[in-house]
Amino acid sequence: MAKRIDVSGLSAYYGSHKAIDDISMTVEPRSVTAFIGPSGCGKSTFLRTLNRMHEVTPGGRVEGKVLLDDENLYGAGVDPVAVRRTVGMVFQRPNPFPTMSIFDNVAAGLRLNGSYRKSALNDIVEKSLRGANLWNEVKDRLNKPGSGLSGGQQQRLCIARAIAVEPDVLLMDEPCSALDPISTLAIEDLVGELKERFTIVIVTHNMQQAARVSDRTAFFNLAAVGKPGKLIEIDETERIFSNPSVQATEDYISGRFG
Amino acid sequence: MSHATTVRDIPTPAPAAPKPGLSSRSLPRLAPLGFAVAAIVLGVGLGLAAGWQSRVQWGLISALFFLVISYVTTSVVENRRQARDRLATSLVWVCFLLAVVPLASLLWTTVSRGSERLDGYFLTHSMAGVLGPEASGGVYHALIGTLEQVGIATLISAPLGLLTAVYLVEYGKGALARAVTFFVDVMTGIPSIVAGLFILSIMLIAGLEPSGLMGALALSILMIPVVVRSTEEMLKLVPNELREASLALGIPKWRTILKVVLPTAIGGIATGVMLAVARIAGETAPIILLVFGSQLINTNPFEGAQSSLPFYIYEQYKIGEAASYDRAWAAALVLIAFVMILNLVARGIARWKAPKAGR
Amino acid sequence: MASTTQQIQTPPGRRFRPRSTGRAGDRIFLGLSRGSGILLLVIMASIAVFLSYRAAIAISKDEGNFLTTFDWNPAGDPPVFGIAVLLFGTVVSSVIAMVIAVPVAVGIALFISHYAPRKLAGAIAYVIDLLAAVPSIVYGIWGALVLVPYLEGLNLWLDQFFGWTYVFEKTEIGVARSLFTVGILLAVMILPIVTSVSREVFLQVPRMNEEAALALGATRWEVIRLSVLPFGRSGVISASMLGLGRALGETMAVATVLSPNFLISLHVLNPGGGTFAQNIAAKFGEADAFGRDALIASGLVLFVLTLLVNGAARLIIARRKEYSGANA
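Residue numbers (our numbering), protein chains in the order written: chain Y, 1273 to 1530; chain F, 942 to 1300; chain Z, 11 to 338.
Hints were generated in silico from the structure; no laboratory data involved.
Treat the hints with care, as some may be off.
[Stated by the list, open to error] With a cut-off of at most 30 Å between alpha-carbon atoms, the simulated BS3-like pairs for lysine-lysine come out as follows:
no., chain 1, residue 1, chain 2, residue 2
1, Z, 129, Y, 1499
2, Z, 180, F, 1259
3, Z, 129, F, 1177
4, Y, 1390, Y, 1411
[Unchecked claim] A partial selection of chain Y residues facing chain Z, derived with a Cβ cut-off under 10 Å:
no., residue
5, 1323
6, 1352
7, 1360
8, 1364
9, 1365
10, 1368
11, 1371
12, 1385
13, 1430
14, 1436
15, 1439
[Stated by the list, open to error] A short, non-exhaustive set of chain Z residues, derived as facing chain F with CB atoms under 10 Å:
no., residue
16, 65
17, 128
18, 141
19, 155
The C-beta atom is built at its ideal place from N, Cα and C for all residues, glycine as well.
Input sequences plus hints: build the corresponding full structure.
Rendered as structure tokens:
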């Protein structure tokens, strides 16, 4: 049930500070879109506006429209809780619920959304863990706490938790920045598989990673510290990395930035 | 994992429930206010109809109605999950109000009843020659007692507490420091009456007479751990770079502590000492056991019985006459004002000092 | 040391002297501060020793059973006194206080940490801290003169509708100077401490734990249930035990409100009963030297009781620190 995202004229604020300015773009379904750019350019903030997580930060405020297929996430009467159920998120640092077992972590979202028969729950948990390439590593210790896993396993557990509720879109906020190279590779492979089923948006500060996993890449930049971040361009990943249409993008990618 | 799969439990391919849209029917934002008004009307109406005298019941019934109305309405209009969320929100509000009511009543009663009798005469006269039912007399002797006892207790506790905290933060390692830390915590929990009994047992063994000093000793036992704990917190906030900078200049450690560490933390330490003073100023139990109480002015804390503000309140309450209740409330107002002013000033110092220490 | 000082003629020579006195100063300063630490331990130990010594004198002459006698008459012939009623009353009133105060305090703590608007939350936290400073004798006269009359209606009502539970059956006529009223008053008194410790813990819940729940589409209550409460559980337990320690040892509020007797009854609405601290304050005035020793003996039991409760609370806090430190 992957969906298209259409953003138009979106700005986000922290109190009176404007963090991102007037962003418009389209994210295609069943593809991976990568956000790159220097620190503080607002790419994570923008990502968090896509499932209305930005507004949980104190002072956080958003203007503009985000259409998921045809429904505006910021429309009147839209319940942010329902939005977050449809647009899942994986964070920078793995954050499994520390007091819950592996099984309960994956089932947490399902249990919120209704009651499932034990067997149905078992099946979904298994399917999600398989989907996150974690099943074989944890199938014998589903009742152990999730915090006992390694960092990479914890991150895949968080992915399993996010896909268990069958979201339409999966947002990933620098999911590998806290992981070692081998775990990073595992997550990147996983992203490639998940795009068959979900629309994926991934923020990364690693340009090789963007080149490896994404179909399209968006480059964000800011004029100066304290100024709002802007979308410079978005295009096919191959084009961005070989022949971008904006000079700033080329400077950033070739390391001539700053 | 699913060996128990029976014929009936055929694995469901995907969550069976159809996905609800993003927007759903929701209650207007001011709905809780409406629920509250309806609940109060119902509670008061029911209370009047049933003729309950105690307004405590009216309030409890209203609170219950409020919870039920919010839950039921939300589950009908929205859904069960929203209803549960709303129930939790309502419960949290009810808890808050439940706590505010008695506390507001306490402050209101003390201020309104206390101000009836509180005047210059009350503050400057003792109870000498005043009989219980007479609407006369004052709190002067008790004020003197409190000031002297608390003063002596502070003179004992502040240096002791400060030095102990310095030991724990600057020198403390190993078993001794761990033991001191643990027992400071445990000491914080000693009931004031037990501290009083301890000094009493020493008095019985050494054959000492009750006096302000004995009370002050018991108060010190209550005060020391509070001073240690707060000073410790403050000293820990002093950045290590400051200590190292001073030591690197060849300044000995004890002078570093006296000239650099303590002055940096002095605002916070003063706050902690004042809060501790505020705490012991209201202690009654040790005074009953050790200072004995008196109707007369005794300015010598080292000999003879004294009074103190909290003791005076207890004494007047026990007389049980209208005039003595008035005196008790007035003294309670004096005591609360004393404690609150100490608190406000202490927190003021903390706030005023905090930004400088933070940078 | 003195000769080195003389060898240097230039002004910097002066700087070497403070160093030698510095060492002595260091020793003195360390001695002083370590000495006060040790003094604290000595005080704690002597509290235990002195109380035990006087208590032993009293208990050896007690003709009743110190643990099971339902009477307090150390001046009688033979002297008879026991702590059964006091232990019962202390525990029952504190348990009532906990049952009322802990859920309400957790509610207020959540209100401050997760529900109230920011500015309001700060103000409420401040007021709650101030209320912790209200002296117990003021709570006491408020309880006796304001709360007791207000609770009479509630008591009748509880008797009427919940009398079948036995506990809420009111078999004696009389004002509400009961263990139940004492429990309510103690609940009000320990509310600030339980609230402020719980609030601290709730505010420490890592942001990312809460965001994990939010991103799954959890409502505010579900966020609290999934991430805040599990994280804060041990903190709430130790906060409650700190509150329990206060309630067990509270003297004045109980002494003013309770109309004591020496009977054990589970009808908590009936006036009567007693607690350790209340009994000491009430009986001290009329006690002779031996009577004071008897009261000290009961105080020793209270001391041990609060020591256990507070020690347990501190251990839980300490364990939690290690646990969360390892996870951070």
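Going through the hints against the structure:
no.: 1; hint: 129/Z <-> 1499/Y; result: holds (28 Å)
no.: 2; hint: 180/Z <-> 1259/F; result: holds (26 Å)
no.: 3; hint: 129/Z <-> 1177/F; result: holds (28 Å)
no.: 4; hint: 1390/Y <-> 1411/Y; result: holds (17 Å)
no.: 5; hint: 1323; result: holds (7 Å)
no.: 6; hint: 1352; result: holds (9 Å)
no.: 7; hint: 1360; result: holds (7 Å)
no.: 8; hint: 1364; result: holds (8 Å)
no.: 9; hint: 1365; result: holds (6 Å)
no.: 10; hint: 1368; result: holds (7 Å)
no.: 11; hint: 1371; result: holds (4 Å)
no.: 12; hint: 1385; result: holds (7 Å)
no.: 13; hint: 1430; result: holds (7 Å)
no.: 14; hint: 1436; result: holds (9 Å)
no.: 15; hint: 1439; result: holds (9 Å)
no.: 16; hint: 65; result: holds (9 Å)
no.: 17; hint: 128; result: violated (16 Å)
no.: 18; hint: 141; result: holds (5 Å)
no.: 19; hint: 155; result: holds (7 Å)
Going down the numbered hints, you'll see the structure goes against just number 17.
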